[in-house]
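Residue numbers (our numbering), protein chains in the order written: chain A, 48 to 109; chain B, 201 to 828.
Calculated from the structure, these hints are not laboratory results. Mixed in with the good hints there might be a few duds.
Claimed, not checked - Over 10 Å on every C-beta distance to chain B, these chain A residues come out as not near it, computed from the model: (1) Pro71; (2) Phe103; (3) Lys109.
Unchecked claim - Reference excerpt, derived from the structure (chain A facing chain B, CB under 8 Å, subset only): (4) Ala76; (5) Glu80; (6) Ala81; (7) Trp84; (8) Ala90; (9) Leu105; (10) Phe108.
C-beta atoms are modelled at their ideal positions from N, C-alpha and C, and glycine is treated no differently.
Now for the letters of each chain:
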Amino acid sequence: MGEAAVVSATDEGDEVGAEGASHPRESAAFAGEAVLWLWVLGALGHYYHRMGFTDFILGLFK
Amino acid sequence: MIELLYGIAIAVIALGLGRWLLRLAGCAFDSLAEELSFSLGLGLGALGLVIMALGFSHLLYAPTLYALMALAGVVGCRELIGLAGRGQGRIRGVQIPWKSFYFWLGVLICFGVLLNLLRALTPAHGATDPLAYHLALPKIYLQKHHLSFEPTINGALYPANVGMLFVLGIALHGAALAQLLHYGMGLGCLVFIAVFCRRFLDLRAGIWAVAIFASLPVAVFFGPLGYIDVGVCFYQFLAAWALFNWLEKPQRAMLVLAGVMTGLALGAKHSVLPMWGVCAILVAGRGLVRREGVGTGVRELVVFAAVSLALAAPWYIRSFVESGNPVWPIANHVFNGFPYYSVYGGGAGEANAPVAASAGWLPSFERLSEQLYWVGMSLWKWSFSPTDLQRAIGPYIASLLPCLLLYARTRRPLFLLAFCAVNYALLVLVVGGVPRYSLFLFALLSALAGFAAERLVAGRMRRVRGVLQGAFLMTVAFNLVWNYGLAEASIDYFKQGRTEGQFLLEREGNYRVFQAVNKQLPADSHVLLQGIVKGYYCDKTYLWDHPYQRVINYGDYAEPRQLAERMRELGISHIVRMIRVPDSRVRLGYPQYFADEFHESFRKQYLQLLYRDESYVLFAVKYPEGKV
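Here chain A stands alone, though its shape is the one from the complex (with noise of 0.2 Å):
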């Protein structure tokens, strides 16, 4: 299955991003997105940073 299938797979086709959005709620949409982003990542930095595991890559480095 390629990458494209992703999104058609799930149920009921709630597409994000389907035709006919106008531009501003698609860029709330995308600024919506980019903050889910920088939450996952920061998220789980912040986990892994609390579990040592800063220390232990830069251990690696040294």
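Assemble chain B onto chain A, guided by the hints.
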């Protein structure tokens, strides 16, 4: 490693038996994978119920259990041949390119699964609860050949559908096989999550979800040990899944299956009761929402409740008959059951629960605020600052669930989210706020988190999806480092080829003293464990002196003579004592025996030393009138 063959044989037999039962019930499934999942669940559940019946009939012997497996194998044999034929062509059709993110995620999941397999195959050691009661009680049942009531042992009357599978494991090949069965149920959960996601969300979300659930610290740590919680999750997840199937396509057979799986879960742990209530409301509510009339809703509720309660009832009736309390020792003050320091409502459980039981029927404003705080904050705390491993759920669920604000726009994820929200609130407010008790919720949340992750990488920023995928792979690899740390002792055990005895001598503190008990004491010895609850390796009959039990409590006796009389009444012939009781146990109410005037006086008058090592002593009790 021979346990692996036993484990595979039990799983295959359960699969055949479960498929046979499903065919009898006339259940129709969306896919072969779904059919296999329910076959395995139903088969293991059926085996557990038959073992329970053997236990009630005083027929718990290893040969009986071998005969049971042979009979189940014969019953399911034809089904297995059919399943093998149907499965062959489909497995050949599955291809995942090695360059794919999902391929490498799958590889990392497999590494984690293998590390945990090594832990499951290692002789049972370390963790307290399995050696104190989850594995110890099944061993006692096998020794006594029936489901006896051990009033000093915590959990003696808990529902034990998973414990019955431990009886099978211990009878066939010892505690490691019991651990392997628990681990196997965890492995089953991973498959269920993937198939469930394929059915209700999408397959790629399923692969994310499997990785997320397989990385939950609570599941990783407890899964390969002789606890029961992953087994409870196994039944609960199937129960929720069958219910969702029925809600989408209301066929009577599927409703019965949902009832059966809920009953099996309810017969495995008390903590399933709130989820049973949620399911019952959904069953009754469906008819009303679809405007099929109150009568339909009531009829369906009666079917669901009758099936689920009938399957779980034997455990609760047993508890009531033995102790006067169907959920003994929980809520003992309500039922006035056999004396025990009640775990809820004035007991030690409160120390662990963020929200204790309400003092009155109407909670105060402070209490409501406290409850709201815990409902709001628990998921965050379990993710980022858990107090112990049974509350540690890792970062994925809390980090990915907010994405559902953007992506959960269709009926299925929204319904799943609502179902999880209700069960989450119940976990926090009713089940003591311990994720280990409600792992099925985290399996469902993993599915939702997987769905969110898949939508996130396939969304508007998909051109840079490699960043998130790479970060996720890296974190899963980090989890493997921790997992490796947990499995280090097991890796050494298999690498060095040591015997089980050698390993346990090094790793299990009381193994040596129990070896002395098993070898030196007469067969009819009855041992009092002082300061110790991990009695699994003691082959003689024994009782605890845990401060919560009410069979032998030192505070009740003013003089050593009275204690000796009580011990004589109980038939205690020997004592195994921990030399220095840890402070945490002293705070719980255990005496520091050798520093306690009363116990020292008792020792001088009535005890004769038979054995000692650096941590434990074995005494014979010398009654003035002679033998017990």
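Non-interface label on Pro71(A), tested against every C-beta of chain B at 10 Å: holds, 14 Å
Classify the hint on Ala90(A) as holds or violated, based on whether any CB of chain B lies nearer than 8 Å to its CB. holds, 4 Å
Hey, does the Phe108(A) contact hint survive, CB to chain B under 8 Å? Since chain B brings no Cβ nearer than about 15 Å to Phe108(A), farther than 8 Å, the hint is violated.
Hint check: is the beta carbon of Ala81(A) less than 8 Å from a beta carbon of chain B? holds, 7 Å
Does Trp84(A) pass the interface check with chain B, least Cβ-Cβ distance below 8 Å? It holds, given that the least Cβ distance between Trp84(A) and chain B is near 6 Å, below 8 Å.
The output says Phe103(A) does not contact chain B. Does that hold with a beta carbon cutoff of 10 Å? Answer for Phe103(A): violated, closest chain B Cβ roughly 8 Å.
Is the hint on Glu80(A) kept, meaning its closest Cβ partner in chain B is under 8 Å away? With Cβ-Cβ at 5 Å, under 8 Å, it holds.
When the least beta-carbon distance from Ala76(A) to chain B is tested against 8 Å, hint result: holds, 7 Å
Please confirm whether Lys109(A) is truly not at the interface, meaning its C-beta sits more than 10 Å away from all C-beta atoms of chain B. Holds, because the least Cβ-Cβ distance between Lys109(A) and chain B comes to about 17 Å, which exceeds 10 Å.
Would you check whether Leu105(A) satisfies its interface hint, that is, whether its CB is within less than 8 Å of any CB in chain B? violated, 14 Å
Violated hints for the displayed structure, listed by number in ascending order: 2, 9, 10.
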